[in-house]
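Peer 1: Protein chains in written order, with the working numbering: chain A, 44 to 194; chain B, 134 to 898; chain C, 73 to 347.
I should point out that these hints are in silico values taken from the structure, not numbers from a laboratory.
Watch out, some of these pointers could steer you wrong.
As a list, the in silico PhoX-like pairs of lysine-lysine whose alpha-carbon atoms are at most 20 Å apart [as the list claims (entries may be wrong)]:
| id | chain 1 | residue 1 | chain 2 | residue 2 |
| --- | --- | --- | --- | --- |
| 1 | B | K140 | B | K711 |
| 2 | B | K251 | B | K190 |
| 3 | B | K765 | C | K309 |
| 4 | C | K90 | B | K251 |
| 5 | C | K90 | B | K255 |
| 6 | B | K258 | B | K195 |
| 7 | B | K730 | B | K711 |
| 8 | B | K444 | B | K316 |
| 9 | A | K53 | A | K96 |
Listed next, with one range per pair, are the computed distances between beta-carbon atoms [to be verified]:
| id | chain 1 | residue 1 | chain 2 | residue 2 | range |
| --- | --- | --- | --- | --- | --- |
| 10 | A | P54 | C | M86 | 25 to 31 Å |
| 11 | C | K347 | B | L582 | 20 to 26 Å |
| 12 | C | V106 | B | L582 | 54 to 60 Å |
| 13 | A | A187 | B | Y663 | 36 to 42 Å |
| 14 | A | A187 | B | E574 | 29 to 35 Å |
| 15 | B | S893 | C | K347 | 36 to 42 Å |
Partial selection, computed: residues in chain C whose CB lies under 7 Å from chain B [what the hints assert, rightly or not]:
| id | residue |
| --- | --- |
| 16 | M253 |
| 17 | I255 |
| 18 | A256 |
| 19 | R257 |
| 20 | T258 |
| 21 | D259 |
| 22 | S321 |
| 23 | G323 |
| 24 | Y327 |
| 25 | L331 |
| 26 | T334 |
All C-beta atoms, glycine included, are put in the ideal place defined by N, C-alpha and C.
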Amino acid sequence: MELNFTLNGKPVAAQIAPDTLLIDLVRSLGCASVKRGCDTANCGLCTLFLDDKPVLSCSLLAARVEGRTVTTLEGLQEEAAEFVGFIADQGADQCGFCNPGFVMNTIALLRENPDPTDDEIRAFLAGNLCRCSGYEGQLRGIRAFLDSRKK
Amino acid sequence: MEQKNLKVVGHSYRKKDALQLLLGKPLYVQDLAPAGALVVKLLRSPHPHALVEEVNKTAALKVPGVVGIYTWEDVPKTRFAIAGQTYPEPSPYDRLILDRHIRFSGDPVAIVAAEDEKAANKALKLIKVKYQVLEPVLDYRTAKDNPVLVHPEEDWFPPCQVGGDNKRNLVASETDSHGDVDKVMADCDIVIEHTYHTKAVQQAMMETFRTYTDLDRYGRLHVVSSTQIVFHVRRILSRALGIPKSRIRVEKPRIGGGFGAKQTAVSEVYPAFVTLKTGRPAQIIYTREECQIAGSPRHEMEIRVKLGASKDGKIRALDLYTLSNTGAYGEHGPTTVGLSGHKSIPLYTGSLEAHRFSYDVVYTNLQAAGAYRGYGATQGIFALESAVNELAERLGMDPTRLRDQNMVREGMVMDAYYGETANACALDRCMEHCRQIFDWENRYPVRDLGDGRVRCAGVAMAMQGSCISNLDVGSATVKLGEDGTYNLIIGAADMGTGCDTILAQMVAECMDCSLEEVSVFGADTDVSPYDSGSYASSTTYITGKAVEKACAKLKEELCQMAGEMLDCDPALMVFEGKQVRNTADGRTVSLQDIAYKAQLFSTHSAMATATHTSPVSPPPYMVGMVEIELDKRTGSVKVLDYMAVVDCGIPVNPALARVQTEGGLVQGIGMALTEDVTYNAQGRPIENSFMQYKVPTRLDMGKLRVEFEHSCEPTGPFGAKSIGEIVINTPSPALAHAIYRATGVWHRELPITPEKILMSMPEEE
Amino acid sequence: MPSHHNKGEPLLMMTIQKYVRPASLEEAYTLNQVRANRLVGGMVWMKMSNRAVNTAIDLSGLGLDTIEENDREFRIGAMVTLRQLEQHPGFNAYTRGAAAASVQDIVGVQFRNLATVGGSIFSRFGFSDLLTFFLSLDCRVELYKAGTVSLEEFAKAQPDRDILVRLVVKKIPGRFSYSAMRIARTDFPVLTCAVSRVGDEYRAVIGARPGRAMVVRDEEGLLAGGITPESAAAFGKYAARVVPTGSNSRGSAAYRTRLVSTLTRRGLEQLGRMK
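Given the sequences, and given the hints that come with them, work out the whole structure.
Peer 2: Shown next, in the form of structure tokens:
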């Protein structure tokens, strides 16, 4: 079937199968930042925005995004660049495989709540697993970014 | 003792790849695999023990897009091991690419290669297999000398003699002792004897096992894999596929986590076989389920600890017996078990009069185990540290003070650790420091918050190694470019740990330049100097020292060249970072000029390679303390604070050392509390997804605080030891301790779930 | 069924032959009468069911994704996401935050942006936090063909081929609390417990028994004198006596029964503390 949607600001027309998952579609369209870490909607690695809401692209039929707007980290490089350096300063990027999903959901958090508490950060990012960092460095990085904005 | 005035080493820097990773650039196996690569999938047996009688692939081959289906009849008949270890490997050669004899539920029966995933999946469903189902050995406690043999084959081959016997389901067996344990034990006032059980927990790195293969421009097999061990993979593939090593090139791109899982060549052989058969690029991407049921998890172990002490708390004798379950294949079986004793018992060198350590490693019809951060030490330390905490509680002594009087201290000879001397050991300072930042005196007592909720604390110590002594080899090549910057080329594998960066920091320190002036490349068997690979906590310590040596050689070479350029005695030349100077007359030659000279009518190369190995493996040490809130009416445990003080020698990059520690602590917390492995009737793990296998989220780990106590290891680069593995070792015993404090019950099997906690206590009226 | 009941069987993903987004409920209903067809809600559970679907019927074009509030009731469309429920000020004011509490440990924000109220309630999963919570409210279910039934009645019935259109919650003054026991914070619950007083009626709803959530009422008048530490404890014990529990990978029957008592008592005590 044919699908028309907006990907990272550009209109896209794609031929898909009815059971194509969004993650596979966007990867095939060059959005390699979208990773698969599980098959059970548990890890958050495949996070992207559907009409500006963070969702799991491994659990979404591509057919469902007809006429809608999909944004991946490829389309949010500048917004991400504002704060990822603070994560890098902590060394919390580690293996990097969870980073795109984590960065995407952090963008979603900061758009919704520009000045979150530590507990709000933890709660919002609970669906983003990371096996390397132990999470604390990610939190320190976000906190350092927020503090830098207040100066 | 501490090394002062280091400009780059000992300071925190971003990882060199950090922004590329954080911005989601295509850097991993699947991102790089060529378009049009065949999709490789494996048909896995549902039975834990069976013989394949017949594979009917007629219908499956008719699926459009299916390119090939291969079974045991199609593969070479030479047995091999997939453990990433130095040749000759301690792990037995007990595998075939596909074996007619199925040894666990998940063992591959057929390899399917198809144009796309859909076709491959469809073919998997259509392959009809007739099995002769055999009785399995699912209980590792009854595996040794069981009439059912997991590996009855005559061509089972152990390259090293480690006490194994396939006709007894035995992979390895040994006893090692020092002093008369029985006599000292008999003379002890108090003896603690218990058995501890740890499960086959999963590394659960976010990137599952994956590999792509193609033929390079010379028609050689080119393997791009998410691996910690490029050189071992080349050797393993050569044996498994029956082709010369010269026909294989293995490289690793960025790796999405390893933790030891990728110290085993879990996925490489399948696409490699398909590429050789078809001449086409091929890729295999393990699903999370495959990763959980046919990966390379921690060895399940049962450890009996017998601890003898005097009534004033002197630990005099230790007797450990470990029964390790290697599962269906023997990867890392003979070696992981050793650490359960060799890296726990030496912690008590301070008082120990005698010790014994013996073990058996058995085959079962369960998923094969492998290497997971801690590599047996984790299991042993859970057992021993729990027993020591029990001793303290029985004697009514503060468990941190009890350890003060028994622990290994700097300068001591560790009989239980190959007679090595603790040349750099700040364990005593770690304990003192941790006690202070944790506020142990006030948090150790049990505090009642009402309605069954209590707060209390637990403690544990740990050690590990910094390499495999007398064995691991690390190398580094450093070369000068004509702009005066350097390339560092290594065979070690940065799997997110940041070794590319910390090794570059060492180059910058040695060559007196900035970190930006060092570019790193690793790892590729065609390009990199030989390195055993990144495991055994060895990269900083071994490869780091190789970097230091390579830099020293390069400086000598540059002085030589500058001397020739100035037509003077090279012995007069001194390296000064941006230039080389003649100390006699003050004339200088810039690095750029030397580099250009190396390109012009020159027999010198502005490049040096050095290799390092070590006769010792200096242990890092640490202390961990945890405060929990336990609900005695639901059994739930909330981790509030975890504090750790680590002696890794000199942390080369404190920020990265801290994150290593924090990550290890959280993995350890998961192992202690939530990561369970249970089996169905076929011996298949029920925890086959992240829906069932619960790695900690950021809501499950409390707050972490990590500090360092420096020591200076004389054999390490810039005084460094290691950090990668030790950090996973304290949470299990510390949490078991805290849970005892809250409930009065010792839990000796992991994970300690709320149900186990609640049901171990009587119901209140 | 989704793989929370998994006993180690291979996970296989569903396949779909055709995808349709109907323009009307009637069209959706007609399509849904074919056994091989399936309604698509949030998809998060569905994709893990190992089945070959002929036509996937996507309800997302039918305007069922809003929470309407008036003086008397909340009308919650089947396609409202768990995240919408969590963030709805009016609904959380009425339920005293229990709505948010009932969903906030479900996996993560991204998951809750997909999972729908209708999907969760219609499936009547035993582990459903949402079913447990809504059973503590005065809640009716609007079905396309069968009309309106009480949620309690609906919860007892087997899933059929009708379409759940919306939930209607009456704004009867009440007090609500929600708690669940989880081994890890965002895991499936070992036990769920919603306690409420709707009008004059006390309810304890116990789910993840692991069977479907069920309502326990104060048949013995234990709470007739109001909530005291003693009456709360007595009702907790009563609930533990009357709620059947079973065992699965998350917990044994005996453990669950002990949790029933504690969570029910604590829920009541929480109600007692509410102004």
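Peer 1: Are the hints correct? Go through all of them and say.
Peer 2: We went through each hint and held it up to the structure:
Of the supplied pair hints, the one linking B:K140 and B:K711 holds, its CA atoms being roughly 15 Å apart against a limit of 20 Å. Straight-line distance between C-alpha atoms of B:K251 and B:K190 comes to about 17 Å, which keeps the hinted pair within the 20 Å bound. Note on B:K765 and C:K309: the hinted pairing holds, with a Cα-Cα distance of about 17 Å set against a maximum of 20 Å. The straight-line distance between the Cα atoms of C:K90 and B:K251 is roughly 16 Å, inside the 20 Å bound, and the hint therefore holds.
For the suggested pair C:K90 and B:K255, the alpha carbons sit about 18 Å apart, so the restraint of at most 20 Å is met. Between B:K258 and B:K195 the alpha-carbon distance is near 12 Å, which keeps this suggested pair within the 20 Å criterion. A distance of roughly 15 Å separates the Cα atoms of B:K730 and B:K711; the hinted pair therefore holds under the 20 Å criterion. For the proposed pair B:K444 and B:K316, the alpha carbon gap of about 17 Å is at most 20 Å, so the pair holds.
Taken as a hint, the A:K53 and A:K96 pair is honoured in the structure, with Cα atoms around 18 Å apart against an allowance of 20 Å. The hint said 25 to 31 Å for the Cβ distance between A:P54 and C:M86, and at roughly 29 Å that hint holds. Taking 20 to 26 Å as the suggested C-beta distance range, the pair C:K347 and B:L582 conforms, at roughly 23 Å. The beta-carbon spacing between C:V106 and B:L582, approximately 57 Å, falls within the hinted interval of 54 to 60 Å.
Between A:A187 and B:Y663 the beta carbons are some 40 Å apart, a value that agrees with the proposed interval 36 to 42 Å. At roughly 33 Å, the beta-carbon separation of A:A187 and B:E574 lies within the given 29 to 35 Å, and the hint holds. Range check, B:S893 to C:K347: about 39 Å between beta-carbon atoms, so the 36 to 42 Å window is met. With 7 Å as the threshold, the beta carbon of C:M253 comes within range of chain B, its nearest partner Cβ sitting at about 5 Å, so the hint holds.
Taking 7 Å as the C-beta cut-off, the interface hint given for C:I255 holds, the closest approach to chain B being about 6 Å. Taking 7 Å as the C-beta contact cut-off toward chain B, the hint placing C:A256 at the interface holds, the least distance being around 4 Å. The criterion of a C-beta within 7 Å of any C-beta in chain B is met by C:R257, whose closest approach is roughly 4 Å, and the hint holds. For C:T258, the interface hint holds, the least distance from its beta-carbon to any beta-carbon of chain B being 5 Å, beneath 7 Å.
Because the smallest distance between the Cβ of C:D259 and any Cβ of chain B comes to about 5 Å, under 7 Å, the interface hint for this residue holds. This hint holds: C:S321 has a C-beta 6 Å from the nearest C-beta of chain B, less than the 7 Å allowed. The closest approach between the C-beta of C:G323 and any C-beta of chain B is roughly 5 Å, which is under the 7 Å cut-off, so the hint is satisfied. For C:Y327, the shortest C-beta to C-beta distance to chain B is roughly 4 Å, which falls under 7 Å, so the interface hint holds.
With a cut of 7 Å, the hint placing C:L331 at the interface with chain B holds, because the nearest CB-to-CB distance is about 6 Å. Annotation: interface hint on C:T334 holds; nearest CB of chain B at approximately 4 Å, less than 7 Å.
Checked against the numbered hints listed earlier, the structure breaks none of them; every hint is satisfied.
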